[in-house]
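What follows is the residue order along each chain.
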Amino acid sequence: SGWVTQTEFNTKVAALESYDYNLGGAMDSAWLCLCGALVMFMHAGFAMLETGSCRVKNASNVLMKNLVNVCVGTLGWWVFGWAFAYGDQGTPKNGFIGTSEFFGIGFYTTDATTGVITPSTCDSSGCQSKMLSWFFQWAFCTAGATIVSGGVAERVKSPTYAVYAFFMASFIYPIIVAWSWGGGFLATITSVGYMDFAGSGVVHLTGGVSALAGTIVLGPRKGRFENPEEFECHNLPLVVLGTFALWFGWYGFNPGSTLGMHDGATGALAAQVAMNTTLSAATGGITVFLLRYLILKKYDVGGLCNGILAGLVSITAGCGNVECGSAFAIGLVGAFVYQASSMLLQKLKIDDPVDAAPVHGFCGIWGVLAAGFLDWGKGVDHYHGWSGFGCVMDGAACKTGLFGDAIGAQFALIAMVIIWSGALSGLAFFALKMTGLLRISEEVEEVGIDTKSHSPPKAYSLSQ
Amino acid sequence: QKYDSLVETRRLQTASYVSLDTFNTEVQALKNADYSLGGAMDSAWLCLCGALVMFMHAGFAMLETGSCRAKNASNVLMKNLVNVTVGTLGWWVFGWAFAYGSQGDPANGFIGTSEFFGIGFYTIDETTGVITPLASCDADGCQSKMLSWFFQWAFCTAGATIVSGGVAERVKSPTYAVYAFFMASFIYPIIVAWSWGGGWLATVLDVGYMDFAGSGVVHLTGGVSALLGTIVLGPRKGRFENPEEFECHNLPLVVLGTFALWFGWYGFNPGSTLGMHDGATGAMAAQVAMNTTLSAATGGITVFILRYAIMKKYDVGGLCNGILAGLVSITAGCGNVECGSAFAIGLIGALVYQASSMLLQKLKIDDPVDASPVHGFCGIWGVLAAGLFDWGKGVDHYHGWSGFGCMPVSDSDSTCQTGIGGTAIGAQCILIIMVILWAGTLSGIAFFALKMTGLLRIDEYTEEVGMDVKQHSPPKAYAIGANPMPTEVEKTV
Amino acid sequence: QKYDSLVETRRLQTASYVSLDTFNTEVQALKNADYSLGGAMDSAWLCLCGALVMFMHAGFAMLETGSCRAKNASNVLMKNLVNVTVGTLGWWVFGWAFAYGSQGDPANGFIGTSEFFGIGFYTIDETTGVITPLASCDADGCQSKMLSWFFQWAFCTAGATIVSGGVAERVKSPTYAVYAFFMASFIYPIIVAWSWGGGWLATVLDVGYMDFAGSGVVHLTGGVSALLGTIVLGPRKGRFENPEEFECHNLPLVVLGTFALWFGWYGFNPGSTLGMHDGATGAMAAQVAMNTTLSAATGGITVFILRYAIMKKYDVGGLCNGILAGLVSITAGCGNVECGSAFAIGLIGALVYQASSMLLQKLKIDDPVDASPVHGFCGIWGVLAAGLFDWGKGVDHYHGWSGFGCMPVSDSDSTCQTGIGGTAIGAQCILIIMVILWAGTLSGIAFFALKMTGLLRIDEYTEEVGMDVKQHSPPKAYAIGANPMPTEVEKTV
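Chains as they are written, first to last, in the numbering used here: chain A, 28 to 491; chain B, 25 to 517; chain C, 25 to 517.
For the record, the hints were derived by calculation from the structure and aren't laboratory data.
Each hint should be verified, as a subset may be incorrect.
In silico BS3-like pairs for lysine-lysine, Cα to Cα no more than 30 Å straight-line [stated by the list, open to error]:
#1 C:336 - B:336
#2 A:479 - C:336
#3 C:388 - A:479
#4 A:325 - A:374
#5 C:196 - B:337
#6 B:261 - B:336
#7 B:261 - A:324
#8 C:337 - A:460
#9 A:479 - A:376
#10 A:324 - B:196
Computed from a predicted structure; not experimentally measured.
Work the whole structure out from these sequences, hints included.
Quick look at the structure:
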């Protein structure tokens, strides 16, 4: 007849809905695969930045440390890391640690009779396979672990560091994720829960604190504070290249942390994040550069590079819930935090070859705090946090008076990260030191690790 | 019996037919879902393409550094970093507002005057505190202002950084930083306001200019400014007496930079569809990617062969600049020419580059990285080529911004306008002239005024020993090898 | 009266119910919108993945340059640049047509014969001049030919560039350029025509070959050709007498190149879904990304440990090649194996690489960057592994191209075929043999003919002093430090 029956209507509408649902799933996958690849490219950035910043006689070794870090870290993440971080925390949730999906087991279900494999875990707005999350979060995990490699460069024993990197990627970092992004106890602490959009605290502070612990336990490189000019970076173009690669990769790190891309609001949030990231990076860079010029009366390109990274780390927690003016302020203050903490370490004669702790640790702290203090709902006494453009709701209206709780949650996150990764990394490094496994011998340090333990024995032979 | 059949009809209708209300609700919901997906697509596309364009800064930095002398390597790196950081602030404070802010009603056609500091990108509901990101919506989807800001930011700073190559190794660094801010916050945005921002060039001669991704708007602007800068500055000391001392000091960096730029260009050109929510846009992006590829490859190999014919030596730097010449040449017309034309555009672009590069040498104008031949002269050629090779020409139609379709008679009449090919080329010429006049005049005046006040050029001694050792900490870019740099200088400085 | 009220009811119902016409129109419009969105997604995905693959050229260039000697650095850089530019033209003129052009009806299964020069990628309406990009459509969406051309271009030139590593430091540059054109326009496209292009290998032994992203089609083709080239050329002078002189001259470039390749592989493998318009494809891409990651890391650390066990020294270059070995090994099977298998494939791939690398050393075959162990031998292993580790094996089903599902009995019967595991491995072996025969024979003949005519290898003097100083302008890749290169040579040359 000329009329539409309910059955026909329902069938066709369901088909269209499922098509949309499918498209949303495809979008999520495309977005996270590409953003994950960008984050992975940050390893190139770290490797170039750290290598360029160290002395030529250890260049091969620094390169190696970065490569070993990502390889070993990948296996750590696969074997244990994912399971601890995102595995099932039981019912009721223990809030501390996941205990399933080691080795990626359980990412698929296989139909026993037909042999058809079904990979997905779905929610109402689209499907994301576990593999997708595994891949995207893998890039974050190995990035966090690699931060430490800069702090301990040029004097740590390589096999020792490899073991530590495995430990970092398979246990230290994943547990912090289990508490926070994995939905553990920090997610609901002080009722509001912590807010760390892309990981100023979860990733960078974890790495930065561990780097600081490592560099303190190791002690400075021989002669570092007697002949500082011998410790200048040996290849500045690599440093700048590394900085640009990191900045580039950060557009996967921050915007990708929407963790999906299947509606317009998420798209607007990603754009907002990209804009804030850009502003804070530029502000941080130029601010440190000017500060250093005032102090040194010399141009310090390495300082400019670290300033950019300081800006990026500072905005990473709050990029989704602050206005662009606040992003400028966060980058500006972050630059001061970086410069002050860098000078403090110098004063305390703590030798951090690439300023890993000031950039990732101190600015990580500032970033987490800034995400609470500069939340854009503050002006009207609302808190937005994870809700992005919307406010944290109390029924149909915005909850008010959350400021104290929100800041409290941020402090809880900072304290927990410092305690957990500081204590574990500190213990690990200290135990290694006691057993003599931590630091290379004086002779090796003198002639350089490359000559002593590498084949070929030097990173460059430009004049052949 | 009639009665019975009517009762039956009614029963069926009530029981299992669909009411218009239900229908409309469902259809609207589905449309909303599609609309929302389209918005997500646009955001994903432009965020990622913008990131690729941003990576071009790595390319510029490596290319320019590698092309200069080792003694100024730190300084060239710094110039690129300062450029992007200062340029970002310039774009945020003034640039976006001048380029894409409201031009009033009726539009003044010349300059935007709202949204400085990104103010007005969100509206906040007074009572609930809910923030709504301001978006420009059309029938097909919404794009937030932040998205456009980010994507256009990458273009703005890329344009500004072109100049840094032309003035390298002799300009005073703080002076250049101020200029870069001026470039990113005023010179470039005004040209955008006239063109992409919907100003007067968009409708000039009725047909309007056509510059898909910015051969004119971005590259010519940068190239002309670089040319003026390099002329006013004068050549580096000894450049034409001892040319072999001015060869690039690190060729792998040059090649790496070229590949990074080529890679970034796949954000620059295909991303200039400015959206990605339907199949036709997708096909356009693919078309653009293909043309970009062909022109780059053709330009590279052509310059390489030309130089070999001239010098009987392989010139890898020339190959790299040839690739860039091909890329700049296709940037305006990548969306409205066939692939055979893309080949021709790259080929001619290579000749344009080589000829203008030799011309500058002849005129003893010292452009360290050939910024003005690559971006300026090939930029001119690119804008012209977009008019000359428009694929509607064979049938006397003009496609221009309409892409696969022809330019229609009017909004309501979709038949093709005919006989506008000449007018279209006229509009292209106007774009070229206006960019040269505006950017040339302003940059020229700026550089000249600075020269007069002695703020422009470093002193001779610094130029002799190198900026790195004089002004930088650490005093050299490399510490590779036993005796990497003249240490006596370091000690005497 | 009752009758009247019924008429009235009916009238109202008529007004507020939905007619089938309206309904169908609306549903069709929504389907079109979805279909269009799907097309946009495909384009965005393949444009971006293609760009990532293109960036692998930066990786190859840096890796190969860093691995060679400083005196030939410019020349190696040039070879990579020439390769991509000449290869692009080869792909445009002939390659695409042979690979993906129409194979006739019925398909000849061996070679395509249409769409040279990209002719036929658009249809132009004679009267209106409106251009329609030609597209291949299926039930879920349309992809323009330009999109496929671009994505496959990146694969083609990547395959060709593999050879450049194997013949580095001793092949005559113009000769290599001609070979690269031949490779990109004929050798590689024919293999594609047999396989991805839907030729005879797609249905060989009924089950057909399985090579998701090209362990065989791309890497083995390149690796075999590199091996033939390096054998015919013979070793570099002094290679096995003074091996320490042949160590890589710039390790940071090698590592940078490795990371760039790994990064680009996320376009190479996940992009080989060749589309992205439904959730299952998305899950497949994620699966592929995860497997790629695991195999790369496993391969890298395994080779590193092996080499340390053998040499008691850290070998960073070995770690880099191990990563590449893992990547090449997983490329064929990344879509139809579990993550545990990906670990195993990377592990065994590392052993295959190390064993074949040592074998070549033993046989005194000098492959400067280990191109054939990495791409050739691991390519063979990758193709085999895709058959051996197929995740349907445990229940005697084969998944292959069907991804998560099993290979069905026929198009109409979706139950799983059983007992085809052995046949599938047979098909894999046929793919391997055919690639080796085709690429090996053609490359071998080409290199041998060139050798006979004296066009293949540079003269001894050039090899001694380096190609850069002899043939390049500038005559050296680096000018870092006071006395970077023996200037006497420069002057005597």
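Now for the hints, and whether the structure bears them out:
1. Of the supplied pair hints, the one linking residue 336 of chain C and residue 336 of chain B is violated, its CA atoms being roughly 47 Å apart against a limit of 30 Å.
2. The straight-line distance between the Cα atoms of residue 479 of chain A and residue 336 of chain C is roughly 11 Å, inside the 30 Å bound, and the hint therefore holds.
3. Our distance criterion of 30 Å between C-alpha atoms is met by residue 388 of chain C and residue 479 of chain A, whose separation comes to about 28 Å.
4. Between residue 325 of chain A and residue 374 of chain A the CA atoms are separated by roughly 20 Å; this keeps the pair inside 30 Å, and the hint holds.
5. The suggested pairing of residue 196 of chain C with residue 337 of chain B holds, with an alpha-carbon distance near 13 Å, which does not exceed 30 Å.
6. With a CA separation close to 28 Å, the supplied pair residue 261 of chain B and residue 336 of chain B stays within the 30 Å bound.
7. Distance hint between residue 261 of chain B and residue 324 of chain A is fulfilled; the C-alpha atoms sit about 26 Å from each other, no more than 30 Å.
8. This hinted pair checks out: residue 337 of chain C and residue 460 of chain A have alpha carbons roughly 23 Å apart, not beyond 30 Å.
9. At most 30 Å may separate the alpha-carbon atoms for a hinted pair to count; residue 479 of chain A and residue 376 of chain A meet this at roughly 27 Å.
10. For a cut-off of 30 Å, the pair hint linking residue 324 of chain A to residue 196 of chain B stands: about 15 Å separates their Cα positions.
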